Structures are given as C-alpha cells and as structure tokens.
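Peer 1: Listed below, chain by chain, are the residues.
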Amino acid sequence: MASSNPAGSLLKPCVKCRAQEATLDSRSQAVCRDCFTKFIAAKCIKQIGLLAKETPTPHYGQPRRFVVGLSLGPCSAALVHLLNENVDFQLARSRPAPFTITAVYVDPHPARKAEDDILEGYRQRYPRFTFKRDDDDGKLDAMLNSLPSAASRSDIVRLLTRHILLAEAVSHDAQALLLGHSTTALAELTLAETAKGRGFSLPWVMRDGVVDVVVSRPPSSSLTSSPSPNQPALLPPPKETKTKKMLIYHPLRDALRKELITYLSLVDNPPPLLTTHIHHTADNDKADKKVVSHKDLSIDEVMIRYFADVEKEYPSVVANVARTTGKLVRLLSGDSSSSQKLCGLCGAPLDESGDERWRGELGIQIQEEDHGEGEDGSGSGNKKGGVCYGCERSVRG
Amino acid sequence: MAPALCAVCKTARALIKRPKNHSKLCKTCFIEVFEDEVHHTITSSQLFFPGERVAIGASGGKDSTVLASVLKTLNERHNYGLDLVLLSIDEGIKGYRDDSLETVKRNAVQYDMPLKVVGYDELYGWTMDQVVETIGKKGNCTYCGVFRRQALDRGAKMLGIKHVVTGHNADDVAETVLMNLLRGDMARLSRSTSIVTGNNSSEVKRSKPLKYSYEKEIVLYAHHKKLDYFSTECIYSPEAFRGSARSLIKQLERVRPSAILDIVRSGEDMARLVPGESPSSCSCKGKSKAPAEVAEDDIGGCGSQNGRNPGNEMAVMDKQLRENEEHEAHEIDVAKSTPRNEGGTANKKWELPVRTAAVASKVVKGQVLGNCKRCGYMSSQDICQACTLLDGLNKNRAQIQI
Chain A
351 MASSNPAGSL
361 LKPCVKCRAQ
371 EATLDSRSQA
381 VCRDCFTKFI
391 AAKCIKQIGL
401 LAKETPTPHY
411 GQPRRFVVGL
421 SLGPCSAALV
431 HLLNENVDFQ
441 LARSRPAPFT
451 ITAVYVDPHP
461 ARKAEDDILE
471 GYRQRYPRFT
481 FKRDDDDGKL
491 DAMLNSLPSA
501 ASRSDIVRLL
511 TRHILLAEAV
521 SHDAQALLLG
531 HSTTALAELT
541 LAETAKGRGF
551 SLPWVMRDGV
561 VDVVVSRPPS
571 SSLTSSPSPN
581 QPALLPPPKE
591 TKTKKMLIYH
601 PLRDALRKEL
611 ITYLSLVDNP
621 PPLLTTHIHH
631 TADNDKADKK
641 VVSHKDLSID
651 EVMIRYFADV
661 EKEYPSVVAN
671 VARTTGKLVR
681 LLSGDSSSSQ
691 KLCGLCGAPL
701 DESGDERWRG
711 ELGIQIQEED
721 HGEGEDGSGS
731 GNKKGGVCYG
741 CERSVRG
Chain B
2 MAPALCAVCK
12 TARALIKRPK
22 NHSKLCKTCF
32 IEVFEDEVHH
42 TITSSQLFFP
52 GERVAIGASG
62 GKDSTVLASV
72 LKTLNERHNY
82 GLDLVLLSID
92 EGIKGYRDDS
102 LETVKRNAVQ
112 YDMPLKVVGY
122 DELYGWTMDQ
132 VVETIGKKGN
142 CTYCGVFRRQ
152 ALDRGAKMLG
162 IKHVVTGHNA
172 DDVAETVLMN
182 LLRGDMARLS
192 RSTSIVTGNN
202 SSEVKRSKPL
212 KYSYEKEIVL
222 YAHHKKLDYF
232 STECIYSPEA
242 FRGSARSLIK
252 QLERVRPSAI
262 LDIVRSGEDM
272 ARLVPGESPS
282 SCSCKGKSKA
292 PAEVAEDDIG
302 GCGSQNGRNP
312 GNEMAVMDKQ
322 LRENEEHEAH
332 EIDVAKSTPR
342 NEGGTANKKW
352 ELPVRTAAVA
362 SKVVKGQVLG
372 NCKRCGYMSS
382 QDICQACTLL
392 DGLNKNRAQI
402 QI
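Taken in order, these protein sequences are the chains called A and B. Under this note's numbering, residues 351 to 747 are what the first sequence spells out, in order. Under this note's numbering, residues 2 to 403 are what the second sequence spells out, in order.
Derived from the structure by calculation, the hints contain no laboratory data. All values derive from a computational prediction rather than experimental measurement. Don't take each hint at face value.
[Said to hold, decoys possible] Have a look at the derived ranges for each label pair, beta carbon to beta carbon:
hint	chain 1	residue 1	chain 2	residue 2	range
1	A	E663	B	E327	14 to 20 Å
2	B	S381	A	K595	38 to 44 Å
3	A	K489	B	S232	51 to 57 Å
4	A	S378	B	K106	50 to 56 Å
Every residue gets a Cβ at the ideal spot worked out from N, C-alpha and C, and that includes glycine.
Generate the whole structure from the sequences, applying the supplied hints.
Peer 2: The structure is reproduced here in structure tokens:
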C-alpha cells in the first residue's frame with residue numbers, strides 16, 4: 351500500500367484520511383484499508399462503551415465479566431477479535447483490562463474434530479480469553495432427529511443455543527451476554543422470526559436488554575442428566591425453577607455482515623473460521639444457492655440467502671430493517687415474578703391476548719381432530735401446556 | 002395399495018393436498034372446509050350484521066370471483082341476510098379491463114347480483130390509458146392505486162353502501178407485512194394486518210373476508226367450483242418492491258406451508274408493538290413518499306401480482322436512506338437525547354417501560370383525519386392524494402392542448 355505518498359500524487363485518495371490510496375468501498379465511499387478497519391472498530395467500540403455504562407464493574411478495578419456467543423462464523427469471530435483489540439488497546443495504555451471474556455460455542459452435535467481444532471486455534475490466538483465448547487454427547491442430537499423437518503430442527507437449535515448461552519452467562523455470573531449479530535443478521539432474524547409466527551417475541555430477540563433466564567435445579571427428573579436448558583424443550587418449566595436476569599447485548603449491530611467479512615480479511619492474523627458455516631454460502635457462491643431442495647432448507651437459511659442479495663445491492667435497506675424493528679416495544683414485562691406466563695420452549699412471555707384475537711387457526715389440525723373446532727383450538731392440548739404460537743409451529747414442522 | 006381416503010369424510014378418495022397444511026381431502030370436503038373457514042373468519046370477526054348491504058369489490062380476477070361465490074353460498078347457507086352487490090372499477094385499460102369487466106358482467110348474472118361499474122373517466126376525467134400516455138409506464142401504478150382506493154369508496158357511496166369487501170388473501174397480507182418490514186414502515190405495518198379498516202366514523206368501511214385464505218386454495222376453489230374468472234395480469238404492472246416480498250413468501254411457503262399464516266399472525270401481533278413514534282413520521286424522510294402515501298391499508302390493490310409501486314423502488318429507497326444517514330451525521334438528534342416517557346430508547350435498556358395495547362394503538366393513529374378541500378374525500382392533508390395527482394395530470398393536459 352502506498353501509504354507514504356503525499357495526498358496529491360495518489361490515484362484515488364481515501365475520502366477519510368486523504369493520505370492513502372482508497373482500495374475499498376465502504377458505504378459508497380472510497381476508503382483505505384486503515385480507515386475501513388477503524389470504521390468497523392468504532393462501530394463496535396461505541397456499543398461496548400454503551401455497555402460499559404450499563405454494567406458497573408463488580409468490584410473497583412476488577413474487570414467486567416462477559417460471555418460471548420461463538421458460532422465459529424465470521425461475525426462472532428470479528429466480535430472476539432474486536433474485543434481482543436479493545437483489551438490490547440487498554441493494556442497498552444497501562445490501564446486494567448476492561449473485561450474478561452468467556453466465549454462459548456454451542457454445538458448440538460456430538461464432538462467433532464473440525465470444531466475442536468478451530469476452538470484450539472482461538473485459544474492460541476486469543477490467550478487472554480476463555481473458549482468453551484458446549485455439547486452433550488449426542489443426547490440433543492437424538493432429540494433433534496425426532497423433529498419433523500430441517501426447518502423445525504433449525505428453529506429448535508436456535509432456541510436451545512440461546513438458552514444454553516444464557517445459562518452459561520448466568521453460571522459464569524457474567525454481567526452480559528454478547529452476541530455477534532451483524533446488522534444483516536438482525537434483519538434476517540427479524541424476517542425469519544416473523545415468518546415463524548414469532549413476531550410478538552421479536553423485541554426480546556432483537557433488542558439489547560434484560561431477559562429472564564429460567565434456571566432449574568440440577569437433575570431431579572429421571573429423563574436426563576443434561577444441564578437445564580437442554581431439557582425443558584417440550585415441557586413447561588418444572589415448579590422448582592427460579593429466574594435470574596441477564597443483559598443481552600449486540601455490539602456489532604451497526605456493521606453489515608459483508609463489512610465484517612472484509613474486516614476479517616484485512617486484520618493481521620485473523621481468527622479461524624468453520625468453513626462449513628452457513629454464513630459462508632451467503633458470501634458469494636451463487637451457483638451453490640440454487641441446488642438445495644426446499645425440504646432441506648430452514649426458514650433461517652431462506653432469509654440468509656435472501657438478505658445476502660439485498661445486502662449486496664441495497665445495504666441501507668438492510669440497515670433500515672434492523673433499525674426500525676429494533677424500535678418495537680416489549681408489550682409484556684416478560685417478568686416471571688409478575689405472574690406473567692412464559693413460553694416453555696422459547697421463554698418469551700405468552701401472548702394470551704394475541705391468541706384470543708387470532709382467527710386464522712381453523713383447519714390446521716384437521717388431520718388430528720374433526721374439523722369444526724372453535725378458534726384457537728390449536729391442537730392437542732399444547733396450548734394449555736404453555737407453548738407460544740411460534741414454538742408450536744416450530745415443533746410441528 | 003388402496004388410494005388415500007379423504008381425511009375428513011374418510012369415504013371419498015383424496016384428490017387434493019391442501020396447500021395450507023398438506024392434509025389430503027376429497028373435492029367436496031375441500032370446498033366445504035374452505036367455505037367453513039371463511040365462515041369462521043366472518044363470524045368470529047363479526048364482519049357483518051343482518052340486513053347489511055355489502056359491495057363486493059369485483060375485478061373479475063380469481064380472488065374477487067371466489068369471494069363473490071363464497072359470500073353468496075354462505076349468505077344462503079347461514080342466513081347472513083346480506084344484500085350483496087358487485088362493484089367494479091373501470092380503470093380504462095384496453096385489452097385488460099374491458100375483458101375482465103366482461104367476466105364481472107357474467108358473474109353478475111351467474112350469482113344473480115346487481116353490478117355497478119364506476120369508471121376513472123367519469124370520476125377523474127382520465128382513463129389509465131390516458132394517464133400512461135401522459136406520464137409513461139413508470140410510476141403509473143401509483144396513480145392507479147390512489148385512484149382505485151377512492152373509486153371503490155365513491156362507488157359504494159353512489160350505491161348508498163357503507164361496507165366494501167375486497168378479495169385480499171393471506172398471501173397478500175403476508176406480503177404486505179414483509180414489505181412494510183423491508184421498508185421499515187411501522188405505521189403502515191400496524192394498519193395493514195387488520196381485517197377491517199375504517200370504522201363507524203369513516204363513511205365506508207373495508208374488510209377482507211379471505212384474509213386467512215391461501216392464494217393457492219383460492220385458485221383450487223375456483224378451479225373445482227368451475228368459476229368463471231379472468232386471469233390476465235394488468236398490462237402496466239411493473240416489477241416492484243412487492244415482487245421481492247412475494248418471491249420470498251413463495252420460498253418460505255415451500256419450506257413450511259404454514260409460513261404464510263405465521264407471517265399474518267406475526268403481523269397482527271407486531272401491529273401492537275409499534276411504538277408511538279413511527280420512523281416515517283418525519284417529513285424530511287422521503288421525497289418520494291408523498292405520492293406513495295395512502296389513506297389506509299396499503300395492500301396490493303390491483304389484481305396484479307406485482308402491485309402498484311414503481312420499479313426499482315428498493316434502489317430508490319436505498320439511495321434515500323443513504324442520504325439520510327449522511328445528513329444524520331451532521332445533525333444532533335434532540336429527541337434522542339431527551340428521555341421520552343413513551344418508548345424505550347435504544348440507550349435505555351434495563352427498565353423497558355410496560356405499555357398497554359391501548360396506548361400503542363392510540364398514538365399510531367395520531368394522524369388527523371379530515372376531508373379533502375377539493376373533493377371531500379377523507380384525507381389527512383388539505384388536498385387528498387387523488388386531487389394532488391390530478392392537478393399534475395391536468396397541468397400536463399393543458400399544456401398539450403395549447
């Protein structure tokens with residue numbers, strides 16, 4: 351890079367620093383490599399700054415404790431890298447490290463070598479952080495295989511992953527759970543959750559904020575010995591549960607996925623990525639997109655594919671989706687102490703008035719029951735079992 | 002292997018796999034189930050009262066033809082006591098509307114219903130063919146959409162009818178939900194899902210009895226009932242934002258058949274979550290917004306699959322948003338820094354205020370509804386959109402004549 355050239359002699363100077371050759375397009379501005387990485391870092395640091403205000407240090411001079419959700423894809427990788435940069439920056443100024451990080455990779459499948467190797471790569475690259483893999487030796491795998499479709503499995507994995515991460519955050523006594531969702535991921539999430547009939551719980555999923563985490567006692571049931579979040583799946587939470595509060599934060603909510611991928615390609619010694627990760631298909635490989643059968647697709651994947659195209663052509667539309675749906679309000683307190691019933695599967699408050707208003711149900715369960723059942727007789731007693739509309743759908747197909 | 006039997010009657014052979022839930026039904030049971038579901042929608046939403054005069058917005062297309070057929074059947078079967086009338090709008094598009102109007106005329110005979118045709122030329126002095134001649138094919142759907150919305154109401158008024166039902170189906174509603182999410186238009190999101198728009202204060206209320214019916218089932222119903230409908234698309238309809246949402250919905254439907262209904266459900270629920278301040282309420286956002294703004298529910302108005310928005314709308318919006326972002330960088334948002342009592346701002350996370358549905362909906366409907374000073378049609382502006390558009394058209398015409 352011709353960084354030493356005076357601005358006048360540059361072919362296409364960076365619009366920000368005017369000192370280097372612009373090699374990248376950042377939101378329709380021609381910028382240089384340094385300005386681009388600074389721009390992305392600033393997006394993250396701004397959110398981390400806001401988070402710091404939300405979370406007072408536990409003891410004076412002690413670092414905050416955060417748990418990071420790791421998918422081994424580019425966005426959470428970028429988050430870990432940026433957090434590490436932030437710690438480096440503080441330490442270089444002889445300040446104490448602002449936080450400690452435990453990054454948790456949740457894997458619904460039995461241990462696989464590729465993932466272990468990548469996690470080992472993370473440990474070597476970021477020795478200050480702790481990396482953890484959360485799986486349960488295939489018990490979950492068996493349960494997931496009993497679900498009716500790929501879309502159903504994907505929905506449930508997403509929900510359980512979130513539960514497990516929240517449970518990890520609680521058990522680490524963390525002050526916040528950080529998720530690596532990019533703007534693009536949040537826009538995908540918005541439309542995917544909408545398509546799953548989960549519009550009501552969107553504000554709990556999309557927005558930064560506190561959620562209730564149901565923590566049940568260690569195994570009292572004979573069903574399984576797996577940790578709490580894996581089990582409650584299809585059952586209402588057992589009586590002897592208690593709830594804790596956890597703050598969820600999305601520090602990369604202002605960066606597009608393609609920007610984070612570019613960012614990772616520019617930094618020195620980037621973290622390793624899982625190449626089979628779904629987000630890679632969203633990157634470029636168009637030919638790959640057309641061949642998959644819809645039977646094997648999930649709602650999430652349809653959205654990833656859709657937004658990969660929109661992001662390329664109309665990045666501001668993507669940003670606008672994330673921004674505006676981020677303004678939806680949480681209608682119910684979501685506070686289990688206020689006698690608010692929570693969905694036994696996804697944990698969002700049950701929207702009883704929504705169920706009551708809903709008129710589109712009839713006919714769906716015609717196979718199981720004689721038709722003619724009144725409104726919201728949505729199926730085999732699950733309704734009373736405390737599962738929300740979206741989870742009911744996810745479990746059925 | 003014995004052929005599969007109908008899941009309902011368990012006697013006839015199943016010939017139809019329902020698009021909505023993949024249950025296998027015989028022809029008779031499918032038709033009955035389809036009708037029962039519309040009946041359920043009508044009764045549970047209390048759409049009608051006995052003796053009510055109802056105008057069916059009839060385009061001759063599959064949706065409105067099925068709506069007319071089902072309403073006639075249900076009206077007789079369940080003694081709704083409705084006085085049903087077909088109301089058609091003649092946009093004045095040769096090779097499209099004149100043919101579909103013939104279909105409506107046959108329907109009127111088949112269903113023994115009176116038919117009223119209202120023409121754009123008599124209402125506005127312009128046919129769509131003339132509009133296109135003047136402004137070209139680009140953007141003409143805006144005119145058509147605005148004009149049609151008023152035309153239905155005015156036609157109903159001419160007949161002394163206060164209730165117009167339209168053939169919007171679940172796919173249309175789902176599409177509108179996704180489209181408004183993509184556009185970031187929360188205000189419209191909250192309006193687009195309700196089954197009834199307008200209320201006692203408005204002169205004409207609208208409802209969509211087929212709101213929960215799948216488009217594919219409507220086609221099946223029309224096919225098996227051998228209904229007479231017109232299936233050509235409007236010759237002027239361009240590619241649009243709506244097209245993007247529509248293709249997305251088709252993909253989702255293939256992954257999970259219930260997805261369309263699930264989106265409708267999400268849309269209904271999210272309508273209650275829209276905060277008081279809508280992002281589109283700022284007048285500085287959207288130069289192109291003025292002509293696209295509609296009086297009420299912005300749902301694919303014409304029989305076209307593509308809708309009424311000008312092409313490359315997404316590109317236009319992207320550009321505009323980018324400009325807004327640039328401007329935002331130069332201004333201080335006073336509203337953001339002052340704590341608002343009504344909504345959780347992005348920076349206020351620990352205590353999100355609990356708001357009731359009543360408050361939310363009240364604020365969203367904050368637009369003051371008045372009447373157009375020129376034509377008297379309800380409008381939130383001094384001059385309604387139709388009149389504004391007409392002004393532009395008439396100016397052009399005057400010049401051409403000189």
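Peer 1: Could you work out which of the previously given hints the structure breaks and list their numbers from low to high?
Peer 2: none
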